[in-house]
Amino acid sequence: MLPALSGLALVAATPERPHGPVVDHAAAIDVLVVDDNSDALELMGEVLGMVGYRAHLAPDAAEAITVAEAVRPAAALLDIGLPVMDGYELARRLRAIANLSSIKLVAVTGYGQAADKERAVAAGFDEHLVKPISVEQVQRVLDKLLGNA
32 MLPALSGLAL VAATPERPHG PVVDHAAAID VLVVDDNSDA LELMGEVLGM VGYRAHLAPD
92 AAEAITVAEA VRPAAALLDI GLPVMDGYEL ARRLRAIANL SSIKLVAVTG YGQAADKERA
152 VAAGFDEHLV KPISVEQVQR VLDKLLGNA
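Residue numbers for the sequence shown follow our numbering, beginning at 32 and rising by one.
Since the hints were made in silico from the structure, they are not lab data. No incorrect hints appear here.
In silico lysine to any residue, SDA-like type, Cα no more than 20 Å apart, as pairs:
1. K135 - V166
2. K135 - V161
3. K135 - K162
4. K162 - P114
Computed beta-carbon distance windows for the label pairs:
5. E77 - A101: 20 to 28 Å
6. V115 - G178: 27 to 35 Å
7. A145 - E77: 28 to 36 Å
8. A93 - A129: 15 to 23 Å
9. E167 - V115: 27 to 35 Å
Where is the CB? At the ideal position from N, CA and C, for every residue including glycine.
With the hints as extra help, turn the sequences into a complete structure.
Printed below as a string of structure tokens:
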């Protein structure tokens, strides 16, 4: 399921503004996005870039671990329903990586029952978002977790 894009206004390209909103990517905060749905993964990466974050994309848990070790992102948006290793186990493994114990983790899932949220907290997630998620939700949660609010 793709994230909802309510309220997202894309700016027309002009010579002065070639790619929409101007974002200082040199100062951008690194965020890892993990989703086995390639369309959702790419879309979330684009959205994060438009709101001022530098997205690093991984389609599965194994690649996510490799990327996280190389990049050391400040936060990660993890799809829970990943094949082979689910988002809960991935969260535990990311927290176990040296210099990543303080990474801010956001569960992104289609399940929103109290038991699902409790399981996310037990796995080490800081936030739990239920799909479909909006750009505003993602930005608000990341800004809060990373001190940009």
